[in-house]
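What follows is each chain in one-letter form.
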Amino acid sequence: MKRILAIILSLVVMFTCCCGSAFAATSSNSKASLTLSSYGVTLNPSLSLRKIDVDFDVRATSLASSVGIERIEIYKANGTFVTSTTGSTANGLVRENYVMHKGTFTYTLTSGTSYYAVVTIFAQVGSNYDSRTITTSTVMAP
Amino acid sequence: MAKSTEKYAYLDRLTTEQLELLLRADIKSPEPSDDGVIFHILEVIEQREKVDPTKSPFDVNDAWNEFQQYYNISEGNEESLYAEEDVSDTQNLSAASELIPFERKTKPVHLRRLLQRGLVAAIIVVAIFGGMVVAQASGVDVFGAIARWTEETFHFVISPTDQQPLPKPDNAEFQNPKHEEYHNAIQAALIEHQISADLAPKWYPEGYEMIPLEVLYDNSSCAVSVLFSNGNNYVHISVTRFYTQVSFEQHMFEKDSNITQYTSNNKTFYIMSNLDSATANWANPHTYEIISITGPLTTDEIKTIIDSIGEK
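Which chain is which? The protein sequence lines are A and B, in order.
2 is the number of the first residue of the first sequence in the numbering used here; add one for each residue after it.
297 is the number of the first residue of the second sequence in the numbering used here; add one for each residue after it.
Derived from the structure by calculation, the hints contain no laboratory data.
If you're wondering where the values come from, they're calculated on a predicted model, not measured in any experiment.
No residue lacks a Cβ here, since even glycine has one placed at the ideal position from N, Cα and C.
Check each hint, because a few of them may be wrong.
Said to hold, decoys possible - Result set (EDC-like, lysine to aspartate or glutamate): computed pairs, CA atoms no more than 20 angstroms apart in a straight line: (1) A:Lys3 - B:Asp331; (2) B:Lys346 - B:Glu316; (3) B:Lys563 - B:Asp494; (4) B:Lys563 - B:Glu545; (5) A:Lys3 - B:Asp330.
Claimed, not checked - Partner residues are not named here, just some residues of chain A that face chain B (Cβ under 10 angstroms, in silico): (6) Leu12; (7) Leu35; (8) Ser47; (9) Asp58; (10) Ser138.
Stated by the list, open to error - If the Cβ cut is set under 7 angstroms, some of the chain A residues that face chain B in the computed set are: (11) Ile8; (12) Ala33; (13) Leu37; (14) Ser38; (15) Ser39; (16) Tyr40; (17) Gly41; (18) Thr62; (19) Ser63; (20) Leu64; (21) Val100; (22) Met101; (23) Lys103.
Throw the hints in and build the complete structure from the sequences for me.
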């Protein structure tokens with residue numbers, strides 16, 4: 002009888018732990034975005050030697066006064082900061098008065114070295130502004 | 297201790313040989329042992345040996361003769377150490393059962409084993425289910441579908457499950473001449489940029505005018521972007537073809553809570569809300585194409601647009 006009770010108790014504890022882990026796996030801050038609809042940023046080795054491409058696609062929920070990349074930071078695989086770029090219409094990272102912006106920003110780095118990027122994307126719709134920070138996977142410069 | 301002594305008092309009346317017979321019968325019996333009986337028998341035998349060491353059951357000469365007779369034999373096919381085992385087993389068991397005046401209080405074997413196996417099965421099921429719950433919450437689609445989402449974001453992934461090829465739609469009549477114009481413009485852009493032409497909708501929300509479409513590129517994808525406006529609000533329809541699996545899977549959609557699925561013309565769209573906006577997405581895992589419909593649309597409007605995509 003004691004053994005049966007112990008087993009039943011173990012089952013209950015196990016199930017509780019699993020459900021607890023499931024709740025923890027989902028974000029405690031259930032939120033969406035007033036201005037951002039969807040986005041994607043990837044870091045890819047370029048076809049040219051020593052070059053790495055930051056490919057981005059940022060979409061707003063409606064017509065945006067500005068949308069695109071707020072900032073790109075490049076790091077070596079070991080976390081050493083390399084360089085950064087602030088987005089603007091001049092460097093092609095920001096677009097004004099449209100619903101989305103898409104493009105590729107290329108860096109010239111050291112061949113054979115691995116890098117990753119920390120990219121902040123944003124969209125401004127009317128008086129509302131929102132941003133997200135994305136860390137890419139690590140790629141090696143060709 | 298006193299209670300057990302009283303309970304097994306009947307064993308004290310048996311001879312040592314009878315007690316040994318009981319032990320042997322218990323070993324051979326398939327039923328679970330009554331440990332109390334066994335321990336008491338061993339106690340009684342031990343006490344008797346202490347009282348009269350000369351009456352030890354272990355006679356050296358007898359033991360040697362028994363060894364020579366039963367154990368010191370060459371191994372052979374199907375030879376048993378106990379020549380009269382089959383017959384004597386039955387005799388021992390029946391003799392033992394006669395010596396025990398009280399009915400053995402053991403649970404039915406089949407019920408006990410069934411309970412044990414049931415508990416093991418229950419543990420396995422709970423463990424598997426718990427793992428599935430954790431995996432699903434972590435974004436892993438344990439059921440093989442291509443959509444994955446958490447509380448905050450949604451994205452498509454490539455599933456090993458192959459989808460059936462989609463049937464080519466026949467041209468349907470347009471409800472509005474402008475709808476045909478929009479459809480043809482979008483379809484032409486899709487064809488020009490090698491994106492599936494049947495993804496151009498044939499129905500658009502009333503009151504919305506199309507702003508000239510754009511085709512946008514990055515090195516990982518190409519998107520035909522179509523913006524519609526009614527003067528106050530905007531509806532955005534985009535058809536994107538990703539060139540790599542990574543870029544396809546890395547595209548994230550913002551969402552707040554629930555996702556509903558709506559299937560039409562063999563396409564399952566995922567409809568989700570993002571505060572004031574709604575988005576409906578469909579993806580083709582073979583071509584890495586995603587169509588998105590975003591705007592302040594009612595569910596019926598979104599579904600009508602979806603119904604017109606690939607409509608026969």
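Report task. Return the status of the interface hint for A:Ser47: holds when the least beta-carbon distance to chain B is below 10 angstroms, violated otherwise. Result -> 8 angstroms, holds
Query raised in the report: Within a Cα-Cα threshold of 20 angstroms, do A:Lys3 and B:Asp331 meet the stated pairing?
Result: 18 angstroms, holds
Requested in this report: Could you grab the alpha-carbon distance between B:Lys346 and B:Glu316 and see if it respects the 20 angstroms cut-off?
Outcome: Given that 20 angstroms is the threshold and the Cα spacing comes to 17 angstroms, the pair holds.
**Report entry** Interface hint for A:Ile8, Cβ within 7 angstroms of any Cβ on chain B
**Finding:** Cβ of A:Ile8 sits 5 angstroms from chain B, so the hint holds.
Query raised in the report: Holds or violated: are the alpha carbons of A:Lys3 and B:Asp330 at most 20 angstroms from each other?
Result: 18 angstroms, holds
Query raised in the report: If you draw a straight line from the CA of B:Lys563 to the CA of B:Asp494, is it 20 angstroms or shorter?
Result: 12 angstroms, holds
Query raised in the report: Would the hint on A:Ser38 stand, with a C-beta cut-off of 7 angstroms toward chain B?
Result: 5 angstroms, holds
Query raised in the report: Per the CB criterion, is A:Ser63 less than 7 angstroms away from chain B?
Result: At about 5 angstroms, which falls below the 7 angstroms cut-off, the nearest Cβ of chain B leaves the hint on A:Ser63 intact, so it holds.
Query raised in the report: Under the criterion of a CB-CB separation shorter than 7 angstroms, is A:Ser39 in contact with chain B as hinted?
Result: Holds, about 4 angstroms.
Query - Per-residue hint verdict: A:Tyr40, partner chain B, C-beta under 7 angstroms - result: 6 angstroms, holds
Query raised in the report: Can the hint on A:Thr62 be confirmed by a CB-to-CB distance to chain B that is less than 7 angstroms?
Result: Since chain B brings a Cβ to about 4 angstroms from A:Thr62, closer than 7 angstroms, the hint holds.
**Report entry** chain B contact restraint for A:Ala33 - C-beta distance below 7 angstroms
**Finding:** 4 angstroms, holds
Of the numbered hints stated above, none is contradicted by the structure.
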